[in-house]
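Enquirer: Protein chains in written order, with our numbering: chain P, 1 to 135; chain E, 1 to 135; chain H, 1 to 135; chain V, 1 to 135.
Errors might be hidden in some of the hints.
Put simply, identical chains are the same to the list, so a pair is met inside one copy or across any two.
[What the hints assert, rightly or not] Computed cross-link-like contacts, SDA-like style, restricted to lysine to any residue with a CA-CA straight-line distance of at most 20 Å:
#  : residue 1 : residue 2
1  : K109      : G3
2  : K109      : R66
3  : K109      : Y11
4  : K109      : R50
5  : K109      : E98
6  : K109      : H97
7  : K109      : E13
8  : K109      : S59
9  : K109      : P67
10 : K109      : P120
11 : K109      : L96
12 : K109      : R9
13 : K109      : M61
14 : K109      : D63
The hints are simulated quantities; they were obtained by calculation from the structure and are not laboratory data.
4 protein chains.
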Amino acid sequence: MKGFVWPVRVYYEDTDSGGVVYHANYLRYMERARTEWLRSLGFEQDALQRAGVVFAVRSVMLDYLRPGHFNQLLAVSVSVARRGRASLTFAQEVYLHESEELLCTAHVKIACLETTTFRPRRIPDEILAEFARDR
Amino acid sequence: MKGFVWPVRVYYEDTDSGGVVYHANYLRYMERARTEWLRSLGFEQDALQRAGVVFAVRSVMLDYLRPGHFNQLLAVSVSVARRGRASLTFAQEVYLHESEELLCTAHVKIACLETTTFRPRRIPDEILAEFARDR
Amino acid sequence: MKGFVWPVRVYYEDTDSGGVVYHANYLRYMERARTEWLRSLGFEQDALQRAGVVFAVRSVMLDYLRPGHFNQLLAVSVSVARRGRASLTFAQEVYLHESEELLCTAHVKIACLETTTFRPRRIPDEILAEFARDR
Amino acid sequence: MKGFVWPVRVYYEDTDSGGVVYHANYLRYMERARTEWLRSLGFEQDALQRAGVVFAVRSVMLDYLRPGHFNQLLAVSVSVARRGRASLTFAQEVYLHESEELLCTAHVKIACLETTTFRPRRIPDEILAEFARDR
């Protein structure tokens, strides 16, 4: 249902003095999940970089529904909402691992770039092929 | 033109191994600017908290146009795009201080909450009055 | 040999434009490992806080031996080097998970405080008893 | 007395749910101050990098005396405690800007490295000359 899911624990470093997870940190959680999703498909980003492929965030839409708290175990989902030739848009959710209560939802658009020039480039076919299989 | 503007220097802590400012950090920059804008209007957030008023980010729309780099001096603008009774939407931009080249634009919706219950509450009148003056 | 060990993956958020793990982040890794070590002994820090017990870092000695890099899997060890009535000193290491190459070593002194007053207090007996068993 | 001093404001991003500045963030504050101190001497680190010179933290000794809190204005001092051919040791303090109450003291040893090989190298003479003048 939720596609790929990655667990994330909330440590002190993630919270702020409001007693909740600092809002920018959900973007970090979501990138961890995307990295692990890529890894689960067989793609290591350091190897991709050496092969000339790097991914960069182009836009983000985030809705914060409920605050996360210190020591909670969260789950971060990853699913591909739209697949272009040089970009991917992910739908991602962050929720409480146990109750599945939703904390944050997002759409994150990622562009595929050349490592050195930072110019847009086609997503390599072997990656697209894996994405197609990932449903 | 740009309303309130706050300078931000890019340190090592802000960058990633892609050689650019890590994407989540623009949200931190934008919050610094909103905090300083509130201060410039005479409102200290720790005093507001003690008075029962806390602000929380409800949603974010971010577009990344160009990467920021180590040691650059950035500028972060703050202007109120929409003013509700219990929420504010800010239009914010991050650009290079010198060339004014735009790096990132955002809309950030902030809700006004009661400090203890985290329930939505009206923005205090004295703050709304200041916002009205801030054009 | 190494006592408790916790795996940590290096994500983009952890690196800087020097291409390596940002030096302050090793402190975050070490706290994650101490938190998980406490959990492995049956102590959840949010429950401890509600029971009036909070831990705070008092001093740190850190040696950086080799840089960590993006996408590496690290391991962080935790062992109690010295046990006082109101403080604990941990010896911690961060090394590459696979090769066991050492990146960083540290001594971290933690004080036990009362949650509300932030005054030093004795470490609760049930925790000390568990520590004694943890060799 | 305190040598170079750099002001740092505590934002939400810097605090944790214990209500205080997260301990690892003092290392970020100290690096900001060292960067600004270098800049005040006429050295921009991005230019130094292009000239083959990069600085890396080798060791840290930190004592945490009192917690910092949200919205406080801090001051971070920088003074050179020991000057070697390929390394510098800084004595740094973080204190409340207004009351000068001390929060954190540290010794930070920095090595001078070649940008590409990451091998230790002599600190360039023009930098050493400036350091000598900085008393």
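Enquirer: Hints first: check each against the structure and report whether it holds.
Expert: Comparing the hints with the structure gives:
1. When the C-alpha separation of K109 and G3 is checked against a cutoff of 20 Å, the pair qualifies only within one copy, where the shortest distance is 17 Å, while the shortest distance between copies is 29 Å.
2. Taking the shortest alpha-carbon separations for K109 and R66, only the inter-copy value of 15 Å comes in at or below 20 Å, while the best intra-copy value is 23 Å.
3. Taking CA atoms no more than 20 Å apart as the test, K109 paired with Y11 passes between copies only; the shortest distance there is 18 Å, against 27 Å inside one copy.
4. With identical chains, the CA atoms of K109 and R50 are never at most 20 Å apart, being 22 Å at best within one copy and 33 Å at best between copies.
5. Within a single copy, K109 and E98 get their C-alpha atoms no closer than 28 Å, and across copies no closer than 29 Å, so neither meets the 20 Å cut-off.
6. Taking CA atoms no more than 20 Å apart as the test, K109 paired with H97 passes in neither setting, with 25 Å inside one copy and 27 Å between copies.
7. In this assembly of identical chains, K109 and E13 lie within 20 Å of each other by CA distance solely across copies; the values are 18 Å between and 26 Å within a copy.
8. For the homomeric pair K109 and S59, the shortest alpha-carbon distances inside one copy (5 Å) and between copies (16 Å) are both at most 20 Å.
9. Taking the shortest alpha-carbon separations for K109 and P67, only the inter-copy value of 15 Å comes in at or below 20 Å, while the best intra-copy value is 24 Å.
10. Taking CA atoms no more than 20 Å apart as the test, K109 paired with P120 passes inside one copy only; the shortest distance there is 13 Å, against 31 Å between copies.
11. Neither within a single protomer nor between protomers do K109 and L96 lie at most 20 Å apart by alpha-carbon distance, with minima of 24 Å and 23 Å respectively.
12. For the identical chains of this complex, K109 and R9 are neighbours neither inside a copy (25 Å) nor across copies (23 Å), given an alpha-carbon limit of 20 Å.
13. Taking the shortest Cα distances, K109 and M61 sit within 20 Å of each other both inside one copy (9 Å) and across copies (11 Å).
14. Both within a single protomer and between protomers do K109 and D63 lie at most 20 Å apart by alpha-carbon distance, with minima of 15 Å and 9 Å respectively.
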